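Sequences and hints are given; from them, build the entire structure.
2 protein chains.
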Amino acid sequence: MIALSPDQHKIIDAAFKRFSKTGPENTTMAQIAKDLGYSRTFLYYYFPDKESIYKAALIQRSNRYFEAVQKEMKKKIPAYKILEGLVKIKIGCGKDFQSLGVYTNMTLFKILINDPELKYIFSSEIKMVTKIIQSGIKDGSIIKCNASKTAQNIIDGLHGFSAVGLRRLHVSPSANQHDVTELYKRQVDFGMFLLQGIKKG
Amino acid sequence: MIALSPDQHKIIDAAFKRFSKTGPENTTMAQIAKDLGYSRTFLYYYFPDKESIYKAALIQRSNRYFEAVQKEMKKKIPAYKILEGLVKIKIGCGKDFQSLGVYTNMTLFKILINDPELKYIFSSEIKMVTKIIQSGIKDGSIIKCNASKTAQNIIDGLHGFSAVGLRRLHVSPSANQHDVTELYKRQVDFGMFLLQGIKKG
Numbered sequence: 001m002i003a004l005s006p007d008q009h010k011i012i013d014a015a016f017k018r019f020s021k022t023g024p025e026n027t028t029m030a031q032i033a034k035d036l037g038y039s040r041t042f043l044y045y046y047f048p049d050k051e052s053i054y055k056a057a058l059i060q061r062s063n064r065y066f067e068a069v070q071k072e073m074k075k076k077i078p079a080y081k082i083l084e085g086l087v088k089i090k091i092g093c094g095k096d097f098q099s100l101g102v103y104t105n106m107t108l109f110k111i112l113i114n115d116p117e118l119k120y121i122f123s124s125e126i127k128m129v130t131k132i133i134q135s136g137i138k139d140g141s142i143i144k145c146n147a148s149k150t151a152q153n154i155i156d157g158l159h160g161f162s163a164v165g166l167r168r169l170h171v172s173p174s175a176n177q178h179d180v181t182e183l184y185k186r187q188v189d190f191g192m193f194l195l196q197g198i199k200k201g
Numbered sequence: 001m002i003a004l005s006p007d008q009h010k011i012i013d014a015a016f017k018r019f020s021k022t023g024p025e026n027t028t029m030a031q032i033a034k035d036l037g038y039s040r041t042f043l044y045y046y047f048p049d050k051e052s053i054y055k056a057a058l059i060q061r062s063n064r065y066f067e068a069v070q071k072e073m074k075k076k077i078p079a080y081k082i083l084e085g086l087v088k089i090k091i092g093c094g095k096d097f098q099s100l101g102v103y104t105n106m107t108l109f110k111i112l113i114n115d116p117e118l119k120y121i122f123s124s125e126i127k128m129v130t131k132i133i134q135s136g137i138k139d140g141s142i143i144k145c146n147a148s149k150t151a152q153n154i155i156d157g158l159h160g161f162s163a164v165g166l167r168r169l170h171v172s173p174s175a176n177q178h179d180v181t182e183l184y185k186r187q188v189d190f191g192m193f194l195l196q197g198i199k200k201g
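Chains as they are written, first to last, in my numbering: chain X, 1 to 201; chain G, 1 to 201.
It cannot be assumed that every hint is accurate.
[As the list claims (entries may be wrong)] Here are a few chain X residues that sit away from chain G, every Cβ distance over 12 Å (derived from the structure):
(1) ASP13
(2) LYS21
(3) ARG40
(4) THR41
(5) LYS50
(6) GLU51
(7) ARG61
(8) SER62
(9) ALA68
(10) LYS88
(11) LYS95
(12) SER99
(13) GLU117
(14) ILE121
(15) SER124
(16) ASP179
[Stated by the list, open to error] Listed next, the in silico SDA-like pairs over lysine to any residue satisfying Cα-Cα at most 25 Å (straight line):
(17) LYS95/X / GLN152/G
(18) LYS200/X / LYS144/G
(19) LYS88/X / GLY197/G
(20) LYS88/X / SER148/G
(21) LYS185/G / GLY197/X
Read the hints as simulated data drawn from the structure, not as lab findings.
No experiment lies behind these values; they were computed from the predicted model shown.
Virtual Cβ for every residue (Gly too), placed ideally from N, Cα, C.
Structure (structure tokens):
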């Protein structure tokens, strides 16, 4: 992917705040420009439309998630523990993706779901989880299984739970802290449940 | 719940066909009446509005699911096997609930999500799964665990996977048979993965 300039990061951060507050579908380029004290011309110089800011925000947050997991993968611990770490990191990032409407209305997300760069990110995640499972089979912390199929089941399971959990709790960007904390706890509990079947010993 | 008359069953079946074809949100009372060759007055005599037919259809299909599981529960097999049966039955019923938009757009489903009768159905499902898990702990086919929490995780996991799976495959009521079969296989595989962590031995 193309590296982002400091100005682009600033724009993404401002857009992100707006997306979280009013939802990506209700955010306008004019609002983002106003929040930054920029002219609209300046904004359009960097991003041709809202969709491109949205996509850049998705990529930026995905990269943060990948970087956190890669840090985890360097630890000298059994791969099963690394997988537990990944699940917790992923759930922790959930609030970011929720702000982007990934799990709920998906208005903008739907448009991008077949974007090649995002497809690459999705497949990279599966590859990363597959790699951890393969290490776990080797180091004896994970049972013998079809690693890539298992990775797909774990990721699908987590995404699905987010979608259902958010609906059930009616979590909106303005949800109260108690609901969000409650959901986080339920998600981690579910994530650990999901992994328990491949734990060895 | 109130028992349905043969006429009501006939109306629900006709409505169901319409819901599957054009989506519940695009179905009208006039269409349903026309399909049946009934006058609209006759239809309104049994159901005051489309929402009430929709709700009756949801309840009817839920009852079929419950009855199939209860039949399974009478079998003299380990409770873990009964739980596997339940998961397969639930996934098999998925097409019905998909036609009602339960996993996807949820237009009408959202209105009813807090309906007392439907809430009772949701909680009955959890209770039924909890009971099976408790039997499994007793008969030694399921590991010791918090049965009701585990039941919630299993049901949430299955619902979530349906939501995500249907989106990914872009399954619409007019989806081709290959996609539906593929999704069914993936769902059963996920369901078995979900259960594998509580299997004893």
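Here is how each hint holds up against the structure:
1. With a least beta-carbon separation of about 29 Å from chain G, ASP13/X lies farther than 12 Å from that chain, consistent with its non-interface assignment.
2. Listed as a non-interface residue, LYS21/X keeps its Cβ farther than 12 Å from every Cβ of chain G; the least gap is roughly 23 Å.
3. Residue-level check passed: ARG40/X sits 34 Å from the nearest beta carbon of chain G, beyond 12 Å.
4. With a least CB separation of 37 Å from chain G, THR41/X remains clear of the 12 Å interface cut-off, as annotated.
5. Once the 12 Å rule is applied to beta carbons, LYS50/X is consistent with being away from chain G; the minimum gap is 22 Å.
6. No Cβ of chain G approaches the Cβ of GLU51/X within 12 Å, the least distance being about 19 Å, so the stated non-interface status holds.
7. For ARG61/X, the shortest C-beta to C-beta distance to chain G comes to about 19 Å, beyond the 12 Å cut-off, and the non-interface label holds.
8. Look at SER62/X: its CB is around 17 Å from the nearest CB on chain G, clear of 12 Å, so calling it non-interface holds up.
9. Chain G leaves ALA68/X outside its interface by the beta-carbon criterion, the shortest separation being 23 Å against a cut-off of 12 Å.
10. Every C-beta of chain G lies more than 12 Å from that of LYS88/X, the closest at about 16 Å, which supports listing it as non-interface.
11. For LYS95/X, the non-interface assignment is confirmed: its Cβ lies about 18 Å from the closest Cβ of chain G, beyond the 12 Å cut-off.
12. The claim that SER99/X lies off the interface holds: its Cβ sits roughly 19 Å from the closest Cβ of chain G, which is beyond the 12 Å cut-off.
13. With a least beta-carbon separation of about 18 Å from chain G, GLU117/X lies farther than 12 Å from that chain, consistent with its non-interface assignment.
14. Residue-level check passed: ILE121/X sits 15 Å from the nearest beta carbon of chain G, beyond 12 Å.
15. Interface exclusion of SER124/X from chain G stands, the closest Cβ pair being 17 Å apart, more than 12 Å.
16. Non-interface call for ASP179/X relative to chain G: holds, since the shortest CB-CB distance, roughly 16 Å, exceeds 12 Å.
17. With a C-alpha separation of about 22 Å, the suggested pairing of LYS95/X with GLN152/G holds against the 25 Å cut-off.
18. With a C-alpha separation of about 17 Å, the suggested pair LYS200/X and LYS144/G falls inside the 25 Å cut-off, and the hint holds.
19. With a CA separation close to 18 Å, the supplied pair LYS88/X and GLY197/G stays within the 25 Å bound.
20. For the hint pairing LYS88/X with SER148/G, the CA-to-CA distance comes to about 23 Å; that is within 25 Å, so the pair holds.
21. Taking the CA atoms of LYS185/G and GLY197/X, the gap is about 19 Å. The hint holds against a cut of 25 Å.
Consistency note: the structure conflicts with none of the earlier hints.
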